[in-house]
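S.K.: Chain by chain, the residues:
Number of protein chains: 2
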Amino acid sequence: MRSHYCGGINESHIDETVTLCGWVHRRRDHGGVIFLDLRDRDGIAQVVFDPDTPDSFAQADRVRNEYVIQITGRVRRRPEGTENDHMATGQIEVLGKELTILNESATPPFPLDEYTEAGEDVRLRHRYVDLRRPEMAQRLRFRSRVTSYLRNFLDGEGFMDVETPVLTRATPEGARDYLVPSRTHAGSFFALPQSPQLFKQLLMVSGIDRYYQIAKCFRDEDLRADRQPEFTQVDVEASFVTEEDIMNAMERMVRNLFSDLLGVNLPEFPRLPYAEAIRRFGSDKPDLRIPLELVDVEDLVQNVDFKVFSGPAKDRKGRVAALRVPGGSELTRKQIDDYTEFVGIYGAKGLAYIKLNDRSAGIEGLQSPIVKFLGEEATMAIMDRVEAADGDLVFFGADKASVVDEALGALRVRLGHDLGMVEGEWAPCWVVDFPMFEEDDDGKLHALHHPFTAPVSAEELQNNPAGALSRAYDMVLNGTELGGGSIRIHDEATQNVVFNSLGIGKEEAREKFGFLLDALRFGAPPHGGLAFGLDRLVMLMTGAGSIRDVIPFPKTQNATCLMTDAPGEVDEKQLRELHIRLRRSAKSDQDDSN
Amino acid sequence: MRSHYCGGINESHIDETVTLCGWVHRRRDHGGVIFLDLRDRDGIAQVVFDPDTPDSFAQADRVRNEYVIQITGRVRRRPEGTENDHMATGQIEVLGKELTILNESATPPFPLDEYTEAGEDVRLRHRYVDLRRPEMAQRLRFRSRVTSYLRNFLDGEGFMDVETPVLTRATPEGARDYLVPSRTHAGSFFALPQSPQLFKQLLMVSGIDRYYQIAKCFRDEDLRADRQPEFTQVDVEASFVTEEDIMNAMERMVRNLFSDLLGVNLPEFPRLPYAEAIRRFGSDKPDLRIPLELVDVEDLVQNVDFKVFSGPAKDRKGRVAALRVPGGSELTRKQIDDYTEFVGIYGAKGLAYIKLNDRSAGIEGLQSPIVKFLGEEATMAIMDRVEAADGDLVFFGADKASVVDEALGALRVRLGHDLGMVEGEWAPCWVVDFPMFEEDDDGKLHALHHPFTAPVSAEELQNNPAGALSRAYDMVLNGTELGGGSIRIHDEATQNVVFNSLGIGKEEAREKFGFLLDALRFGAPPHGGLAFGLDRLVMLMTGAGSIRDVIPFPKTQNATCLMTDAPGEVDEKQLRELHIRLRRSAKSDQDDSN
Chain A
1 MRSHYCGGIN ESHIDETVTL CGWVHRRRDH GGVIFLDLRD RDGIAQVVFD
51 PDTPDSFAQA DRVRNEYVIQ ITGRVRRRPE GTENDHMATG QIEVLGKELT
101 ILNESATPPF PLDEYTEAGE DVRLRHRYVD LRRPEMAQRL RFRSRVTSYL
151 RNFLDGEGFM DVETPVLTRA TPEGARDYLV PSRTHAGSFF ALPQSPQLFK
201 QLLMVSGIDR YYQIAKCFRD EDLRADRQPE FTQVDVEASF VTEEDIMNAM
251 ERMVRNLFSD LLGVNLPEFP RLPYAEAIRR FGSDKPDLRI PLELVDVEDL
301 VQNVDFKVFS GPAKDRKGRV AALRVPGGSE LTRKQIDDYT EFVGIYGAKG
351 LAYIKLNDRS AGIEGLQSPI VKFLGEEATM AIMDRVEAAD GDLVFFGADK
401 ASVVDEALGA LRVRLGHDLG MVEGEWAPCW VVDFPMFEED DDGKLHALHH
451 PFTAPVSAEE LQNNPAGALS RAYDMVLNGT ELGGGSIRIH DEATQNVVFN
501 SLGIGKEEAR EKFGFLLDAL RFGAPPHGGL AFGLDRLVML MTGAGSIRDV
551 IPFPKTQNAT CLMTDAPGEV DEKQLRELHI RLRRSAKSDQ DDSN
Chain B
1 MRSHYCGGIN ESHIDETVTL CGWVHRRRDH GGVIFLDLRD RDGIAQVVFD
51 PDTPDSFAQA DRVRNEYVIQ ITGRVRRRPE GTENDHMATG QIEVLGKELT
101 ILNESATPPF PLDEYTEAGE DVRLRHRYVD LRRPEMAQRL RFRSRVTSYL
151 RNFLDGEGFM DVETPVLTRA TPEGARDYLV PSRTHAGSFF ALPQSPQLFK
201 QLLMVSGIDR YYQIAKCFRD EDLRADRQPE FTQVDVEASF VTEEDIMNAM
251 ERMVRNLFSD LLGVNLPEFP RLPYAEAIRR FGSDKPDLRI PLELVDVEDL
301 VQNVDFKVFS GPAKDRKGRV AALRVPGGSE LTRKQIDDYT EFVGIYGAKG
351 LAYIKLNDRS AGIEGLQSPI VKFLGEEATM AIMDRVEAAD GDLVFFGADK
401 ASVVDEALGA LRVRLGHDLG MVEGEWAPCW VVDFPMFEED DDGKLHALHH
451 PFTAPVSAEE LQNNPAGALS RAYDMVLNGT ELGGGSIRIH DEATQNVVFN
501 SLGIGKEEAR EKFGFLLDAL RFGAPPHGGL AFGLDRLVML MTGAGSIRDV
551 IPFPKTQNAT CLMTDAPGEV DEKQLRELHI RLRRSAKSDQ DDSN
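These protein sequence lines map, in sequence, to chains A and B. Residue 1 is where the first sequence starts when you use my numbering, and the numbers rise one by one after that. Residue 1 is where the second sequence starts when you use my numbering, and the numbers rise one by one after that.
Please keep in mind that the hints were generated in silico from the structure rather than gathered at the bench. Note that the structure is predicted; figures quoted are calculated from it, not measured. We put the beta carbon where it would ideally sit given N, CA and C, even for glycine. Do not take every clue at face value.
[Said to hold, decoys possible] Sample of chain B residues with no beta-carbon within 12 Å of chain A, all distances over it, derived: (1) 10; (2) 90; (3) 337; (4) 375; (5) 465; (6) 502.
[As the list claims (entries may be wrong)] Calculated lysine-lysine pairs in the PhoX-like style (CA-CA distance at most 20 Å, straight line): (7) B/216 with A/216; (8) A/512 with B/285; (9) B/573 with A/587; (10) A/573 with B/587; (11) B/587 with B/573; (12) B/349 with A/573.
Whole structure, please, built from the sequences with the hints as guidance.
M.R.: Here it is, written out as structure tokens:
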């Protein structure tokens, strides 16, 4: 129905007759002539109708914004002085000869140009209009290019695209499962996969050797922090490999992706041991663009009278750390109060600081509410350790290590942005040498990645599980975890030790993971892999502010689809077939809403 | 961990030292030497260990079938007379120097070579072993090549891969939905998509212009006839196109696929109107490899005394058809009885026949239980019409048209195979000119495709809906529907007429499809598309006997996964969070099973 896309015509088409289809982006009447900006996926072309062609002029007179039309006309150079250098097609226009209205449009729920004023709710409700905005269309197109690029890369490396089930068994990724009642098995439920983890491991046991899948994953969690109930993972697994093989292949893939799609040459990814990342940045996904670092000062404050510091300094699970902010003495009282409130979100009970005005004046050159409690010796030792200079400010965190890490880690990133200290555009790294487990307050161990992650040393796992390191690795970019993976356990004995460390008894292990344990007995090869969060990757690459902006039909924070109004009510007959009924409370909720 | 794949070494590697990883496929001791057939994804290599290298020989002596090992050795030519021309690596072997056992294996649940004796249940329960069979591995690999090929084709044609939601609203594809209870909206449910139909239409309204997705779809139906609760669709949609555009692009895609992946040059796809397909083949997915055709004879038997024929012949909804089987007079009584039973499956109450032994003898040359009821005139007129020759047999169907179509349509295919009449390997076609609706026995109309299919003529749709044709098209290969699609309705008024014809009132339409009707009001472009069943396509291309053989982890006919034992029970806490409870009957089922 078209000869060209609107965005595809240019000076080389001058004097050609073209047929275009698209939406009326804007319509102007000017000097007895009608100008239509016609929009399609590729761009916008200006079409002119004058009264010399009365039929098409009359049609053009009828059209309104977002009408769908087909036009035929001759391409010509725009009259001098009317060129638009901001438009790809700005040197030319089409003199319209025929115009067919393919469909009318009611006044759109919001003008495309003024979407920001519409509010996200209206945009989500009429997503089919919102996606017409060139910015949104370009993001979806970019996403399509990313998946296509990654698939071709992986195909080229001998990875096989294999589909794993969506209707499956509950797996213990730690989040809540979405459940699907079975009609044929009364009282039984499928679960939607939180990831294809166990299936990809089973594919390795099958000898598939190299697997990938761009897979939908599901987690029924409360959607704080820009998450979606369904999200997409680029899932990779290979057999007979070491962590080096996987990390090198995946780093190459991401570097090629950035280079070929964005023209960005990422540096080689530095490797950062987990312990170092936490120590220096308070985070296992550090934003390395920010040149601020945490510095431990426990040893300097263990014996001071100031209990706020000496308490955590003496506690095995405590941490006292300093964060030097170059030039930070300019911060106002108000700003410091704001940061104090900010770290409170992470559980910090306060935010001690020292401003260094004049180093040569010794303790007199400092300005701080805490120096009098710390004493001169400790204070100056801290100033030495953090290499504070005149004009600097030093923040402190003193609490349980996890609180200090989170609070100062987040403060570090916020300060970096607030003070314009972000260096460079892209800072990737690998975080490695993760512990197998983290200990909760009751001393119970939890898998830091998942219970199928291999330990570096089977002996250490046996003898000192809380201190054992795993063969896991995370790819981090600009403070966001792009992907994570590990070499997996491939023998039943080690898998049982891990289950045991996690307090999963023989019987429970057999019931939940019997099929995995069986598979490990029948010739499982050494294997490992990685999974990337595709939504997040595309968000970073496009500079979008939210993953909702790179997902065509996202859900709200409340896990609803405003456009289709899902989830919705179903009739009693369906529930009966599925052998379930609503609880009384759910029914009365419904009655209320009726 | 390896230098080559097992299947990748050949005479060019002679005298090189290689490292291979894989599974012990077979082990033989022969003349004091141990022969291991080592298997990986790419093939099998023979590795020889002799007592000259005592360490590795001792290790080799320990290994059993399906052990996972890594070997290093030197490639050499096999001794003369021991070459194996049936193996890709049959000219060479590896003289093993080192052997590491990477994992042991218990005796496999069934020997890979004797899988047919194991029964499908055992194979599905230990799918990770079953997938090691070279045949299965090749099918999965082929499937991966198919998806990769189709994606690259569609990328190249400007189609964008766009993901649509899996947690969505119930849509009316006609089958039963899988439901997912919402935790955050008590009493509400998501549905898993039966297809991305409405979303892809909304993407067209968004101006995406060309969309594709290899999408999981879900139908909670009873799984007769080789179906799966989740299956995969190659889903395509485009804007500003006619049926010719879509059909040409898709035909080109499938022909290229067959040519590039199978070396098969498919002929141009003939177009067969629906009415003709039913008339000649009794089916809207005719297997054109079979040179048998149904021939209508109503007009010849309307006035015979034989009520079995004259009744349906006079009935507007009846049909009387003949199926001539060349050389069929050889069929025994027993065979004819079997076919009679066979057509009974499709509701036929009997299977009348006439054998033509000697045409020149007139009615005397016939052998048939029905000739005496039909009379000579009608009988000979039928023989003329079907152009029966000596030695032929003519079967008859006389019943409601739908019964005759199904019974003789199925019989035609069965006879074609039984009598070795299948001509050629591949016979594709397009079936076109479908009716919009089919009428049930109560005179109610049902959408033959789905309610979003555009009519050929809006006037006809208004005035005579039961006779209106749609702009739908199905791609058929060897009697299997590979894909189906249509030009869609893109204006609200037509959509409402269709809903109305289907007995869907204004209010119900608004409630169920309000978002679609809204979208049609805001500038929907003309659009259409198609969806292929990927499982079925790969099944046909690989010659597999069932779609279960081309799906890595299929469900049984009973919709269970024998390997993971899904669906499974969940605990009361989860149900409470989802605001549902089990019905009493489901609970007692569970108690019984405990």
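S.K.: Need the list of violated hint numbers for this structure, in ascending order.
M.R.: 8 and 12
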